[in-house]
Each structure stands twice: as structure tokens, then as C-alpha cells.
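Asker: Below, each chain spelled out in residue letters.
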Amino acid sequence: MSVVLEQAGLGIRNPRKKSRFLPKLMKQRFLFLLLMPGMIYFLVFKYGPMYGILIAFKDYSPQDGVFSSPWVGFKYFREMFEMKYFWTVTANTLKISILKIAIGFPAPIIFALLLNEIVSNKFRRIVQTISYLPHFLSWVIVAGLIFQLVSPSYGVYGLICEAFGWQPRVLLGNGESFLQILIVSNVWKEIGYGSIIYLAAIAGINSDMYESAVIDGAGRFKQCLYITIPSILPTICMLFVLGLGGILDGGFDQIFNLYNSMVMPTADIIDTFVYRVGLVDMQYSFSIAVGIAKSVIALVLVLSSNWIVGKLSNYTVF
Amino acid sequence: MKKNASEKIFNVANIGLMLLICLTIVFPFAQQVVISISPPNESSKIGLHLFTSNPTFDAYKQIFSTGSLLESYYWTILRTVLGTVLTVVVSAMLAYPLSKRYFLGRKMWMSIVLFTMFFGGGLIPTYLLVKELNMLNTVWSLVIPGLCSAYTIVIIRNFFTSLPVEVEESAYMDGANDFSVFFKIILPLSMPIIATVTLWSMVGQWNSWFDAMIYISNGEIKVLQIILRDVLNNAQDAALANVMGIENVDMSGQRYTAESVKAGILLVTTLPIIMVYPFLQKYFVKGIMIGAVKG
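Sequence lines, in order, name chains A and B. Under UniProt numbering, the first residue of the first sequence carries the number 1, and numbering increases by one thereafter. Under UniProt numbering, the first residue of the second sequence carries the number 1, and numbering increases by one thereafter.
Just so you know, these hints were derived from the structure itself, not from any lab. Treat the hints with care, as some may be off.
[Claimed, not checked] Pairwise CB distance ranges (calculated):
(1) B:MET275 with A:LYS122: 19 to 27 Å
(2) A:PHE74 with B:VAL26: 37 to 45 Å
(3) B:LEU50 with A:GLY246: 33 to 41 Å
(4) A:GLY175 with B:ASN233: 35 to 43 Å
(5) A:ILE103 with B:PHE27: 18 to 26 Å
(6) B:PHE183 with A:GLY217: 17 to 25 Å
(7) B:VAL81 with A:GLY173: 37 to 45 Å
[Said to hold, decoys possible] Within a straight-line C-alpha distance of at most 25 Å, the following computed PhoX-like cross-link-like pairs (lysine-lysine) qualify:
(8) A:LYS294 with A:LYS84
(9) A:LYS27 with B:LYS222
(10) A:LYS24 with B:LYS107
(11) A:LYS24 with B:LYS222
(12) A:LYS122 with B:LYS8
(13) B:LYS184 with B:LYS61
(14) B:LYS61 with B:LYS131
(15) A:LYS222 with B:LYS8
(16) B:LYS286 with B:LYS100
(17) B:LYS100 with A:LYS122
(18) B:LYS61 with B:LYS222
Note that CB positions come from ideal geometry on N, CA and C, so glycine has one too.
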């Protein structure tokens with residue numbers, strides 16, 4: 001056994017630890033070779049861009065490059081905070097995210113609980129398989145389906161209006177209905193896939209608990225309320241904290257594929273704003289400043305929500 | 001056990017609700033299928049589009065008559081294969097040393113990976129880096145920037161950690177080195193997690209469009225998602241004409257319409273995914289569970 005550990009570099013604790021560094025390194029050289037490609041990737045493509053953050057503090061011009069562009073300190077951050085439209089997109093992002101969490105977060109939980117009550121295994125499996133499908137589609141495809149469905153002149157929406165004699169509106173061109181479409185399509189896309197984790201948690205519950213509950217006379221609703229839900233609560237808390245980390249995201253892919261100039265005042269979010277200002281208008285410094293503000297706030301939000309959930313339920317993710 | 005009336009009502013309502021959810025998913029696709037094979041007098045009009053009296057495949061013939069869509073199939077398949085193979089191999093290789101408790105500097109390497117979960121450079125700096133590396137307008141810009149994620153690494157590493165140590169130990173006794181242990185013993189044992197990551201990566205590559213939109217500016221590499229986006233959005237007619245290889249979209253006298261061609265393109269973009277995912281179900285379910293154990 002100790003030979004094996006030695007071979008693998010896990011020596012018995014040695015007082016001359018320092019001097020064993022090189023032999024250890026030699027023994028682990030293959031492990032280092034395995035590590036290298038991935039580590040280089042992380043350093044170049046994940047940490048490399050962090051260097052570009054400097055651009056937010058400089059008057060960047062592509063000719064000068066990051067290094068020789070002049071420093072301007074917090075000029076672009078001040079500009080950002082003084083810009084009215086920045087606060088509009090931030091408010092939009094928060095509004096969309098909070099609505100999405102309020103409706104999109106409980107939906108898979110309820111779906112999983114209801115699915116769990118389906119008696120026929122075969123029927124349940126078929127429903128599950130179908131419900132996963134939308135998750136695997138890109139928002140480009142889903143947007144195509146939505147354009148078709150809500151079209152007043154062509155889609156099912158137009159047909160319904162015709163049948164009831166309503167005056168059809170352009171649903172995607174109206175702030176309020178656009179928001180509703182965002183939320184409904186988000187639930188539609190993720191309800192099945194999001195339920196997988198809860199179904200797994202439910203499957204892991206000890207069946208003895210249900211048996212004793214039945215003996216005590218608990219019906220299915222009571223079993224669900226007093227056994228199933230408390231048992232999956234840690235999973236719910238974990239996913240909630242992780243979900244809060246994305247509260248400033250709002251769903252770039254979805255909004256970018258659906259929005260148009262008519263709904264900009266309600267549908268423009270931080271990410272779409274950064275994209276347009278940065279890559280379309282080429283205002284690199286300003287858009288990076290906005291991006292940094294977003295990352296920092298998101299980080300603070302995750303850590304604080306983790307802390308709050310930890311206080312409330314003694315369960316932390318990090 | 002006696003079933004009472006309220007329980008029966010609940011069961012029926014529950015089954016009804018599940019059927020309704022499935023219907024909202026199947027219905028839009030059924031519509032697209034019917035529209036794509038409907039003759040012009042039906043596909044151009046408002047309607048439920050769940051039935052056609054006179055199916056025609058002219059829209060598909062037209063879509064595939066030019067090389068344009070086939071070429072974008074080529075690019076999409078190329079990026080999917082390259083991206084998936086590289087992602088799986090590099091991620092697994094990186095995760096292996098990180099699963100060894102005795103690995104030198106393991107904590108440091110792990111922190112380097114984990115930190116990227118919480119903070120990143122963002123869109124514009126990443127774009128500038130890709131530009132700086134001269135990867136714009138190459139297929140590498142679609143493959144390399146999103147190669148590994150901290151989440152995938154953690155999941156693979158957790159799987160490796162859960163493997164019994166004894167298997168490796170006996171191989172080491174036989175004089176195998178870390179390389180051969182990894183490729184000949186660990187990887188074959190890790191097929192469930194490898195399959196999961198492969199599926200995620202494949203779907204991600206197939207579906208991705210934003211990178212193609214920002215990194216490819218000369219239009220030489222057109223992936224399916226971009227074609228579909230162009231056709232569905234804004235200057236529809238020009239994009240449509242381009243895909244169909246015709247001068248303009250005057251479709252009078254044709255046996256297809258803009259609607260049926262759009263539906264056809266949407267379906268040929270979606271079909272590979274619809275055909276693959278049900279068979280890989282058990283793998284992504286397993287992957288999610290492994291990820292949930294220690295996220």
C-alpha cells in the first residue's frame with residue numbers, strides 16, 4: 001500500500017518537506033501534463049479578458065491598445081451613473097428577473113410534485129421526455145415559434161381574436177404583453193428540465209416516512225406538504241441561491257431574439273445594452289464599465305443571498 | 001386502500017394538466033411541420049395548420065436546391081464535432097489531477113478554476129482577446145473561447161473522486177503511469193459523466209448563434225442558427241432569397257411560400273436535436289444529479 005502511495009506521490013509526512021518538492025513534481029509530471037491544456041485555456045480565455053477590464057479606466061482606442069491608452073480613472077463609471085438610460089435598463093433587468101424568478105422558480109417544483117403523483121410510470125416517462133424538449137432548443141428556434149404563434153395576421157393569436165371578435169394587437173410590440181411573453185416562454189422552456197433535479201430529490205426520500213404517514217392517516221396532500229416538500233427544501237434553497245446570482249442577467253438570448261425598437265423602453269436589459277454600446281457602437285470603455293458594475297453587483301448579491309439563506313435555514317451553498 | 005372522490009378528481013385533473021403541458025410543446029412543432037408541407041393556398045393563410053389536404057415537399061426541395069443550407073450544415077456539424085471533442089478531452093484531462101488529493105498545488109489550481117464561476121472579464125474584453133489572437137472569422141472562434149467551464153470541471157472531478165481507489169492502485173502496482181491509468185482505466189470507467197458532458201457540449205454547440213454573430217463578420221462561416229435568425233428576423237426577404245438562391249421572393253406561381261420555407265428551415269435546424277435527445281435522456285438526468293450532489 002505504502003509503495004503505491006509513494007508512487008502516486010503521497011508520501012508519509014516527512015520533516016524535510018521542502019526538499020521533497022522536486023521529486024514529487026517529477027513523480028507527478030504526467031498529472032501536470034494532463035492539467036496543462038485546460039489550465040492554459042483558463043488562464044488565457046477566462047483570466048485574459050480580465051486584463052481588458054483596465055479598458056474601463058482608460059480612454060481606449062484600438063490603435064493605441066490597452067497599454068498605451070491614457071488613464072481616465074472613474075470617468076466612465078461616473079458617466080454611467082449619471083446616465084438616465086443606464087438606470088432604465090437596470091430597472092428593466094431587475095423587473096424581468098424578479099418576475100421570472102417569482103413565476104419561473106416555483107413552476108418546476110410544482111411540476112415535479114404533480115408529476116410525482118402520476119400513478120402510471122409509462123405516462124409519467126412520456127410526459128417527462130416531451131417536457132425536456134424545449135430546453136434543448138436555442139432561443140432562435142423558440143423565437144421563431146413565438147413569432148408564428150402571436151402573429152395577429154397569421155398565428156393562433158390572430159385566430160383567437162377572429163373567433164372572439166377582438167381587435168388583434170401586435171403582442172411583441174407592446175411593453176406589457178412583451179413581458180408576459182418573456183415570462184411564459186421562459187417557464188415553457190425550462191419547466192421540464194428544471195424539474196429533473198427535484199424529481200431526483202423526491203426519489204431519494206426514504207419511503208418509510210410515507211408508510212408511517214399513511215398509518216397515521218395522512219392523505220396524499222398532507223404527505224406532500226409534510227414529507228415531500230420539507231425533504232426537498234435543501235435542494236430548493238440551493239437552487240434559489242444559485243438563481244439569485246443571475247438576477248442581473250435577465251436572459252440575453254431570449255430578449256435579443258425577440259425584442260424590437262417598439263419595446264426597447266421596457267425590454268432593454270443590461271446585457272443587450274452592453275452589446276449594443278460595445279460591439280455595435282464600439283464604445284468599448286463605457287460598455288466595459290457597465291459590464292464591471294454588473295459583475296460586481298451580481299457577486300455581492302450571490303454572497304449576501306447565500307448568507308441570508310444560511311441564516312434562515314442553516315444551509316449554505318458556498 | 002379506498003380511493004375517495006376528491007382523490008379521483010385530483011388524478012383526472014392532474015393527468016389533464018400534464019396532457020395540456022405536452023400539448024403546448026407538441027402543438028407549435030406540429031404546426032410548423034404542416035405549414036412546411038402545405039400548398040401555397042393553405043400555408044399563406046391564417047389557420048390552425050394542423051392538417052393539409054394536399055401535402056407537397058416543394059419547400060424542402062427549394063431549401064436544399066442551393067448549396068447555401070447544406071454548407072451551413074457543414075459548418076454547424078464541424079463546429080459541433082470539434083467543440084465537443086475538444087471540450088470533453090480537455091475538461092476530463094484537467095479534472096483528473098484535480099481529483100487527486102495528493103496533487104501538488106491542487107487547492108491553488110482548483111481556486112483558479114472556481115473563481116471564474118463568480119467573476120469574468122465580460123463580453124467586450126473576450127471579444128477583443130479573440131480579435132487579438134487573430135481568431136476572428138475562423139471556426140476556432142466558435143470552438144475555443146467557450147471550451148471549458150468551471151461547472152463542468154467540478155462535475156467531472158466529483159465523478160472521478162467517487163471512483164474506487166483500488167482500481168488505480170492495482171494498475172500503479174503493475175507499473176502503469178498516470179497517463180495510461182487515466183486513458184485506459186479512468187476514462188472507460190467514467191463513461192456516464194463523459195456522455196453527459198458530451199451531450200451538453202453538443203447541444204450547446206449546435207444551438208449557439210451569438211458567437212457566430214459577433215466573431216464571424218465576413219459571412220464565410222454561416223451556421224444554421226444564424227441562417228434561421230436571418231430568415232426569421234428583420235430583412236426577411238433578402239435573407240430568404242439568399243438561402244433559396246433566387247433573385248427576389250416573388251413566389252407567385254410557385255408551389256411554396258415564404259412561410260413554408262421558413263417553417264422548413266426551422267425544422268431542419270431543430271430535427272437533429274429532437275432525434276437525439278430522447279435517447280440520451282438517462283445521461284443528462286444522471287449528470288444533473290452528480291452536479292447537484294456537490295455544486
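Asker: Identify every previously stated hint that the structure contradicts and give their numbers, smallest first.
Answerer: 2, 4, 6, 9, 11, 13, 14, 17
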